[in-house]
Amino acid sequence: QESRGLGDVYKRQLMTFITSKRDLLFKDAIAYIQEHWNALNYVIGGIDLKMHRVEFEFVDIFLFLGITGVLIYIIILKKVFFQKKQDWLYIVLFLTIILISSLGGNLFFSITNAFFFAVVFLYLRGINTVEEEPVKNIPK
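So the sequence shown is numbered by this note's numbering: it starts at 2 and just counts up by one.
Just so you know, the hints here were simulated from the structure itself, not pulled from any lab data.
Mixed in with the good hints there might be a few duds.
Unchecked claim - Cβ pair distances, simulated, as ranges: (1) 39 - 96: 31 to 41 Å; (2) 83 - 114: 13 to 23 Å; (3) 123 - 17: 28 to 38 Å; (4) 79 - 114: 14 to 24 Å; (5) 85 - 40: 20 to 30 Å; (6) 14 - 88: 35 to 45 Å; (7) 52 - 111: 33 to 43 Å.
To be verified - In the DSS-like style, the derived pairs of lysine-lysine whose C-alpha atoms are separated by at most 30 Å in a straight line are: (8) 28 - 51; (9) 51 - 86; (10) 22 - 51.
All C-beta atoms, glycine included, are put in the ideal place defined by N, C-alpha and C.
Please take these sequences and the hints and turn them into a complete structure.
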């Protein structure tokens, strides 16, 4: 039997390293889904997150709420955070946070993280609103 070099080990485990073993949790969840889920579970979800939590944010939402829940969740995010046209910084910051939480997890499931997420974006929305309001009653 040939021994594998360190390069082979690094190549095989790079994703595990990058995702802090979340890819292994994902593989376990996929195996569970293939064995236990039916068509209804794909629509409405149904998994015990304490036992099969992946910690990729939208994957966890899918596992818990199904396709229907993910779509409703995206619609709610859009309505709450994009009520009007936003500037590019707001959109880039929002997408960056969503991307990071999708790979890192715990943004929406943690009350503290979700609270600060909402506060930052409400603050940014307030700044944009103040800047866009016309100046009234300027003394001449």
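Hint by hint, here is what the structure shows:
no.: 1; hint: 39 - 96: 31 to 41 Å; in the structure: 34 Å, holds
no.: 2; hint: 83 - 114: 13 to 23 Å; in the structure: 20 Å, holds
no.: 3; hint: 123 - 17: 28 to 38 Å; in the structure: 37 Å, holds
no.: 4; hint: 79 - 114: 14 to 24 Å; in the structure: 20 Å, holds
no.: 5; hint: 85 - 40: 20 to 30 Å; in the structure: 39 Å, violated
no.: 6; hint: 14 - 88: 35 to 45 Å; in the structure: 41 Å, holds
no.: 7; hint: 52 - 111: 33 to 43 Å; in the structure: 19 Å, violated
no.: 8; hint: 28 - 51; in the structure: 16 Å, holds
no.: 9; hint: 51 - 86; in the structure: 38 Å, violated
no.: 10; hint: 22 - 51; in the structure: 16 Å, holds
Figure legend: structure checked against the earlier numbered hints; hints not met, in rising order: 5, 7, 9.
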